Amino acid sequence: MVRFRLKLNGFVFLVSLFLGALCARANEFVFNPSDSEGDYDDVWDLDHFYWYTWGIKNFSIPTGHVITEAKLTFFNINNWTAAENNDPSQKLNVWLLDSASNPNRTGDEEGLWLASGYDGKLVRYGDTDNGTDNLAGWSYSAKTKVGEYHDDSGGSDGDVITLTFTFSAAGVLDELNSYFLNGNNFGLGFDPDCHYWNTGVKLKIWTDSPPNVPDNAATLILFGIGFIATVGIRRLISA
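Residue 840 in our numbering is what sits at position 137 of the sequence shown, and the numbering runs on without skipping anything.
A couple of the hints might just be wrong.
[Unchecked claim] Below, simulated DSS-like cross-link-like pairs (lysine-lysine); rule was C-alpha separation at most 30 Å, straight line:
no., residue 1, residue 2
1, K846, K905
2, K846, K824
3, K848, K774
4, K760, K907
5, K760, K905
6, K848, K760
7, K905, K848
8, K846, K760
9, K907, K824
10, K824, K760
11, K905, K774
12, K846, K774
13, K824, K774
14, K907, K846
15, K905, K824
16, K760, K774
17, K848, K907
18, K774, K907
Since the hints were derived computationally from the structure, they do not count as laboratory data.
The structure displayed is predicted, hence computed values, not measured ones.
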């Protein structure tokens with residue numbers, strides 16, 4: 704009986720290693736901007752007198768991987784005034800850019816991706832705050848709108864929320880992969896109308912190997928494990 708248990712435990716251990724190998728392929732990357740002022744990662748508190756680009760270059764992922772998900776999060780975001788709660792033109796516009804580089808400016812609008820510290824480079828452009836989405840006219844690279852946010856409960860007594868844009872849900876995951884492959888760089892754009900106070904912005908990207916088996920891969924893997932387990936246990940019992 705002891706011998707059987709030892710063999711069974713060994714078999715379970717091998718199956719666990721197999722499952723662990725399947726689950727260990729994914730990688731996670733975290734990006735934090737820096738405006739070098741005060742609360743450094745709040746993108747200048749998304750002041751409505753500007754619109755912004757956040758450019759990232761020299762970002763690399765493991766060979767054979769693709770980007771499987773991305774999430775952009777604004778922490779403790781709130782429109783500064785309640786006077787605009789019912790104004791549909793007052794919103795935060797969020798864009799994905801193939802590149803944040805602007806040939807009409809001197810200098811580089813994209814910063815190096817760093818595994819630690821601050822990632823990419825922020826640039827701000829003047830805005831008259833007239834409700835126009837300035838990034839809709841971005842012509843220096845391909846672009847895709849990720850989404851927009853209108854705060855119906857702004858002001859000092861308004862709601863303070865964590866706002867997250869999930870790229871797969873927004874339907875822009877393919878564009879992110881395409882932009883990344885076009886030069887190992889990409890950018891994000893923000894046009895706040897009006898002023899969206901926040902305590903920080905974070906981008907998280909997940910990568911993994913693309914599926915190389917049929918779409919019902921999980922079912923096939925589970926079936927195979929069950930079959931192997933059944934055969935293995937029978938052999939252990941008969942040993």
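Evaluation of the provided hints:
no.	hint	verdict
1	K846 / K905	holds, 20 Å
2	K846 / K824	holds, 18 Å
3	K848 / K774	holds, 14 Å
4	K760 / K907	holds, 15 Å
5	K760 / K905	holds, 16 Å
6	K848 / K760	holds, 20 Å
7	K905 / K848	holds, 18 Å
8	K846 / K760	holds, 16 Å
9	K907 / K824	holds, 16 Å
10	K824 / K760	holds, 9 Å
11	K905 / K774	holds, 8 Å
12	K846 / K774	holds, 17 Å
13	K824 / K774	holds, 19 Å
14	K907 / K846	holds, 19 Å
15	K905 / K824	holds, 13 Å
16	K760 / K774	holds, 18 Å
17	K848 / K907	holds, 18 Å
18	K774 / K907	holds, 5 Å
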